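Generate the whole structure from the sequences, applying the supplied hints.
Just so you know, the protein sequences line up as chains A and B, in that order. Using this note's numbering, read the first sequence as starting at 1 and increasing by one per residue. Using this note's numbering, read the second sequence as starting at 232 and increasing by one per residue.
Hint data in this document are derived by calculation from the structure and do not stem from the laboratory. These numbers were taken from a predicted model, which means no experiment stands behind them. Ideal placement from N, C-alpha and C gives every residue a C-beta, glycine not left out. There's no promise every hint is true.
Simulated DEER-style distance windows between Cβ atoms [said to hold, decoys possible]:
#1 L129/A - Y388/B: 16 to 26 Å
#2 R100/A - K418/B: 19 to 29 Å
#3 D116/A - L506/B: 33 to 43 Å
#4 R100/A - N451/B: 39 to 49 Å
#5 S63/A - N451/B: 33 to 43 Å
#6 Y113/A - V324/B: 48 to 58 Å
#7 R100/A - L378/B: 26 to 36 Å
#8 Q192/A - N451/B: 56 to 66 Å
#9 L422/B - N14/A: 33 to 43 Å
#10 G333/B - N14/A: 35 to 45 Å
#11 Q192/A - L384/B: 41 to 51 Å
#12 P509/B - R117/A: 35 to 45 Å
#13 Y113/A - L295/B: 38 to 48 Å
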Amino acid sequence: MPKNNTILEVTNLNAAYGQSKVIFDINLNVKLNERVAIVGRNGAGKTTMLKCIAGLLKASSGSVIYDGMEIMGKAPFEVAKMGLKYIDQDKEVFLDLTVRENLQLSSYATGDYNWDRVFEHFPKLKILLDRKGAYLSGGERQMLMIGRAILGDPKVLLIDEPTEGLAPSIVNDLVTTFHDLSKDSAIIIVGQNLSFVSRVAQRIYAVKEGRMIAEIRDKEEIKEATYSRYL
Amino acid sequence: MNAHLIISAFVLGLSMSGVYFLLTVGLSLCYGLMRIISLDQFLYYSVGAYMTYTIVAVTGNFWLGLLAGILTTILIALFVEKIVYKRIYEKSVMFSMILSFGVNLMGVGLIKYIWGLEPKPVKAPIGGNLNIFGTEVPGYRIFVILLAALVYLAVCYFLNKTILGTAIRAGIDDAEKVEALGINIYKLFTLTFLLATSLSALAGAIHTPMVMVVPDMGMNIIAFAFMVVIIGGLGSIKGTLISSLLVGQVVSFGSLIWAPLADMAPFMIMIIILLIKPTGLYGSKYMKR
Chain A
1 MPKNNTILEV TNLNAAYGQS KVIFDINLNV KLNERVAIVG RNGAGKTTML KCIAGLLKAS
61 SGSVIYDGME IMGKAPFEVA KMGLKYIDQD KEVFLDLTVR ENLQLSSYAT GDYNWDRVFE
121 HFPKLKILLD RKGAYLSGGE RQMLMIGRAI LGDPKVLLID EPTEGLAPSI VNDLVTTFHD
181 LSKDSAIIIV GQNLSFVSRV AQRIYAVKEG RMIAEIRDKE EIKEATYSRY L
Chain B
232 MNAHLIISAF VLGLSMSGVY FLLTVGLSLC YGLMRIISLD QFLYYSVGAY MTYTIVAVTG
292 NFWLGLLAGI LTTILIALFV EKIVYKRIYE KSVMFSMILS FGVNLMGVGL IKYIWGLEPK
352 PVKAPIGGNL NIFGTEVPGY RIFVILLAAL VYLAVCYFLN KTILGTAIRA GIDDAEKVEA
412 LGINIYKLFT LTFLLATSLS ALAGAIHTPM VMVVPDMGMN IIAFAFMVVI IGGLGSIKGT
472 LISSLLVGQV VSFGSLIWAP LADMAPFMIM IIILLIKPTG LYGSKYMKR
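Below you can see the structure in the form of structure tokens.
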């Protein structure tokens, strides 16, 4: 069990694209089963932050401790195998593969071939097993991306802009889903949909121009979305 | 042009298609998954041919030569992948083109040093002719056609029915997402590269009884191989097969009608197809550039 129930601790994380520095000395932490949101405007560095944590982008300096272990410099597949999964914002599953093949790949990667939990959260996927990714709606793709990610019982899910391009009814369903998922995993969502963030997050980090400018813990402030003043 | 000539040209075209397919399917997969243009595949094609020639000369056993050709190229390819490709997978495709062409040139130089410049003949392991509608065609050409068809079915089975094949198909779509699932994409890269290499060596080995083995045999086939890959669509096995069949027949019938047409016609077809469908016949619309 990690110290203070902290499953993920990011310290002084810096990253750059070539000469252009994108995030500056980011510090954040997430506890087991906690739902945390990172909010900020377009280009604030939110996605860069998640990708650095997941190992998909190389950070220039800093430390990422996951489950008591330093994971900076580890390959993305190693980070994912350890149980820290990243879900991209583009809603793109493997378009040429069926839902079944998409899930099989995740099972192969994690060794978890029990799909009951996936179908428990997303029963619709069971009906769509033989449909190719290219023919799924945005909401169905999001279900499949999350479904793939929760195989192997990850301890942390990093979810980038989960509501982008989705119908309001699906966004409402996602609120319930994220509450349910957090019983097994900590969740970090990056988002600009403040009403969604307010309904999901227990704690919020506000990011501006690559810097963490505020940490919001006050339940009332989260509920009323008054943290928007930081954006 | 009589019926015998047409049947002969058709069978010759099919056997050439078989060689083109074996040589290009790996090129197509390498680009599809790793986004590399692996020009060193033409070296493995030549090494496959030379090893076959050498073993046949020593033991008289063609099949042993074919196996030795494949195994030797796998060893060379493992070295090349570790020394060259692992350093440039993340870089622009131009790096792979230039470096693999360098590997190819170095390899051809070594071949010239080891085996000399004079052409080497290899006797077909399958003699005799088959009678097809009254026309005698060499049995070895039919063998090449059947072998290529078998390899096509095996590659399709591997890609569509096995989990590693599924992972390769997913990687052709988006390699980063495969990694984010927890799959070591570099192991898939190595596997695909070795598969491509084995098929290139196989192409070189089975081509030996149909051509003279010369140091530049890989260089001589580059243009046709690239036409096959581009016409079929990068990353598509079905497209590679269809365009191999097309180019094989065009070259065979072209040379029958007017010799220069054998070189010109495939280019003309490639230009027309690219004008109509820039991704090639079966190029994936999902493939990310």
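Regarding Y113/A and V324/B, is the given constraint of 48 to 58 Å on their beta-carbon distance met? 37 Å, violated
Can you let me know if the beta-carbon spacing of G333/B and N14/A is within 35 to 45 Å? Roughly 37 Å apart at Cβ, these two residues keep to the hinted range, so it holds.
Assessment of proposed distance window 41 to 51 Å (beta carbons of Q192/A, L384/B): 50 Å, holds
State, for the Cβ atoms of Y113/A and L295/B, whether the hinted interval 38 to 48 Å holds or is violated. Given about 42 Å between the Cβ atoms, the range holds.
Is the distance from the Cβ of S63/A to the Cβ of N451/B consistent with 33 to 43 Å? 56 Å, violated
Just to be sure I understand the hint, the distance between the Cβ atoms of P509/B and R117/A should be within 35 to 45 Å; is that true here? 43 Å, holds
Would you say the C-beta atoms of L422/B and N14/A sit inside 33 to 43 Å of each other? Cβ of L422/B to Cβ of N14/A: about 36 Å, so the range 33 to 43 Å holds.
Does the Cβ distance between L129/A and Y388/B fall inside 16 to 26 Å? Holds: the Cβ-Cβ distance is about 21 Å, inside 16 to 26 Å.
Holds or violated: 26 to 36 Å for the Cβ distance of R100/A and L378/B? 33 Å, holds
Assessment of proposed distance window 19 to 29 Å (beta carbons of R100/A, K418/B): Between R100/A and K418/B, where Cβ atoms are some 23 Å apart, the hint holds.
Whether the CB-CB distance between R100/A and N451/B falls inside 39 to 49 Å: 45 Å, holds
Status of the given 56 to 66 Å range, CB of N451/B versus CB of Q192/A: At roughly 57 Å between Cβ atoms, N451/B and Q192/A fall inside 56 to 66 Å, so the hint holds.
Consistency note: the structure conflicts with the earlier hints numbered 3, 5, 6.
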